[in-house]
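With the hints as constraints, model all of the structure from the sequences given.
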Amino acid sequence: MTMGSDPNVAARNQKKGSDPFLWVRRNLFSGWKNTLATLVIVTLLWKLALPFLDWALVKAVWWSPDASSCRKAGAGACWALIADKHRFMLFGTYPYDAQWRPALASLIFVVLYVVSAIRACWRPWLALVWLGGLAAIGVLMWGGVFGLRYVENERWGGLGLTLLLATFGIALAFPLSILLALGRRSTMPVIHWLAIGYIELIRGVPLISLLFMASVMLPLFLPEGVSIDKLLRAQIAMILFAAAYLAEVVRGGLQAIPRGQYEAAQALGLSYWKMMGFIILPQALRISIPPLVNTFIAFFKDTSLVLIIGLFDLLTTIKVSLTEPKWSGYGVEAYLFAAAVYFIFCFAMSRYSQALEASLAAAQSRAPAKEAA
Amino acid sequence: MIELSRVNKWYGEFHVLKDIDIKVGKGEKVVVCGPSGSGKSTMIRLINRLETHQSGRIVVDGIELSDDLKSVDAIRREVGMVFQSFNLFPHLTVMENLTLAPIWVRKMPKRAAEEHAAHFLERVRIPEQADKYPGQLSGGQQQRVAIARALCMRPKVMLFDEPTSALDPEMIKEVLDVMIELAREGMTMVCVTHEMGFAKTVADRVVFMDQGEIVEAAPPDSFFEAPKTDRARLFLSQILGH
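Heads up: the protein sequence lines correspond to chains A and B, in order. Under numbering that gives the first Met the number 0, the residues of the first sequence are numbered 0 to 372, in order. Under numbering that gives the first Met the number 0, the residues of the second sequence are numbered 0 to 241, in order.
Rather than coming from a laboratory, the hints here were simulated on the basis of the structure. One or more of the hints may lead you astray.
As the list claims (entries may be wrong) - Below, computed lysine to any residue pairings styled on SDA-like, alpha-carbon distance capped at 25 Å:
#1 B:Lys-17 x B:Gly-61
#2 B:Lys-106 x A:Arg-122
#3 B:Lys-22 x A:Gln-265
Stated by the list, open to error - To give an idea of the chain B side of the interface with chain A (calculated C-beta under 10 Å), a few residues:
#4 Leu-49
#5 Asp-72
#6 Ala-73
#7 Phe-88
#8 Pro-89
#9 His-90
#10 Val-104
#11 Arg-148
#12 Cys-151
#13 Leu-158
As the list claims (entries may be wrong) - Just a sample of chain B residues kept apart from chain A, beta carbon distances all over 12 Å, derived:
#14 Gly-11
#15 His-14
#16 Asp-20
#17 Ile-21
#18 Gly-26
#19 Glu-184
Glycine included, C-beta positions come from ideal geometry on N, C-alpha and C.
Listed below in structure tokens is the structure:
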């Protein structure tokens, strides 16, 4: 008590910032309010986190192919479920002996994401890398060539399907959304009202109903004999849905660009598309990064809604794993696993967007490098 | 070079420009002045069609401005413009600001465009700033970059829309010096400005506007010494009086 008010102690504390004991004193017990808050939080952690860790790690059952150890009294989390069913969870009903193919395809997706995230790789050849990567993924998933067995896409599932839906969804919805946003701001009445009509119509409908329409209603309107594959229909519905949301985000960015930027570009004789491509969109999209990534993350998780039309995405395969009698009752473990997989991808997106924002901002506000010159 | 005849413009009910008649010959320098809201900025913005007129004829370098996009593009290639708020592109470096339009509109090879841009940066006296972003420059430097950007398109006419109004007083001179030099080299210029010293030094003619009309147009000597109208006299006493 008395020591805390001693100025010498305070000064010493500031110098020795690295001493853990003093750090705790200064940051956690600096006054009675702070001390009380610290004690409350520590108590809560003690009551909640410790039992959780005890359940999740200490008493957990890691390996038990027949689930017998999990049924014993006092057993904790039954991770044996994941150990036993992880291949089905990740790859769905894909032929068991060929599951290296979706595994490799998922890996290619991740490599494509990482390469695209590196700014030094933002070159025209990146488009070719994507084309090549997607072609390889297509070959791996379908097969039928190079001695690979043909696997119809009804049997695709799990993480590979989730990544497929999310990647194609975002990659195609994003350019479409830019066109919609530009259309909504167009002075040409037909384009303007078409864009508004599209955006408002799609935004006004839940994704679930769009998916239902795509899977149930659409085939009714197609002529006899013509059928579009279920996966493709779901994919199209998701692209149309995401584009409407993204369009409004992009429009928000466009509105933040001052009129002077348009006028300067016009005065230089730039055509509409060059003005948009070189001057307006680069600035508008940059300020839209946080809400864009927000929408991407929401969209990534929305892909799990395809379970209602019978596509086997990651969440569906996990749900189906639980229907096996020996594993029934271990939903908590299974859904924690699902949460962890989704979290890895979403958190990576979030961190990346923050890093990208920081690096783009740094490039322009860098202190003048050679002012003396 | 520029000819406006009987040009009228309305914003809704509001008659901004009334029967504007003005001719600017090749190499001529015209300073446009007048109280705020007199339509002077609107008038010069008609010349490269940042604003549209509702009646009358505007001919620039032998091309009549119309709704035809080709005529607009053709005129914008020949007419450079400098804005009050600079309007540099903040996400591009100074060099990229200068070379973008020459490369994509004039179809110059990148190398040539950069040499060209370096030459104009030299002329506006900031050759060392090429790799910086606009946000790292002072207002006066930014406006000089904006002038260089317009010059890089090799325009036949330069329009200046209050180029020094947004600048701190100590930076006005560096921008005016560049403009005076440009005038001496024979560029056709139309400047909306209240810098009467600049008008006296370089203008062939001063055009005084008020309430959407051209009230008076005369060489600077006679305009400043003996304005013919009361409105011009009042305006001059207000801006020269302090």
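- [ ] Closer than 10 Å between Cβ atoms is the bar; does Asp-72 of chain B clear it against chain A? Give me holds or violated.
- [x] 6 Å, holds
- [ ] Mind checking the alpha carbons of Lys-22 of chain B and Gln-265 of chain A for me, to see if they're no more than 25 Å apart?
- [x] 24 Å, holds
Task: Minimum beta-carbon distance criterion (10 Å), Leu-158 of chain B to chain A - done: Since chain A brings a Cβ to about 8 Å from Leu-158 of chain B, closer than 10 Å, the hint holds.
Open item on the list: Over 12 Å from every CB of chain A: does His-14 of chain B meet that, or does the non-interface label fail?
Closed with: Consistent with the label, His-14 of chain B stays out of reach of chain A, its closest Cβ about 23 Å off (over 12 Å).
- [ ] Quick one: work out the minimum CB distance from Ile-21 of chain B to chain A and report holds if it exceeds 12 Å, violated otherwise.
- [x] 20 Å, holds
Task: Hint check: 10 Å Cβ-Cβ cutoff, His-90 of chain B to chain A - done: 5 Å, holds
- [ ] Please confirm whether Asp-20 of chain B is truly not at the interface, meaning its C-beta sits more than 12 Å away from all C-beta atoms of chain A.
- [x] 24 Å, holds
Task: When the least beta-carbon distance from Cys-151 of chain B to chain A is tested against 10 Å, hint result - done: 9 Å, holds
- [ ] Compare the distance between the alpha carbons of Lys-17 of chain B and Gly-61 of chain B with 25 Å, and conclude whether the hinted pair is satisfied.
- [x] 23 Å, holds
Task: Hint validity - Phe-88 of chain B Cβ closer than 10 Å to any chain A Cβ - done: 6 Å, holds
- [ ] Beyond 12 Å from every chain A Cβ: check whether that's true for Gly-26 of chain B.
- [x] At about 21 Å from chain A, Gly-26 of chain B clears the 12 Å cut-off, so the statement holds.
Task: Status of the Pro-89 of chain B interface restraint (C-beta, 10 Å, chain A) - done: It holds, given that the least Cβ distance between Pro-89 of chain B and chain A is near 7 Å, below 10 Å.
The structure shown violates none of the earlier numbered hints.
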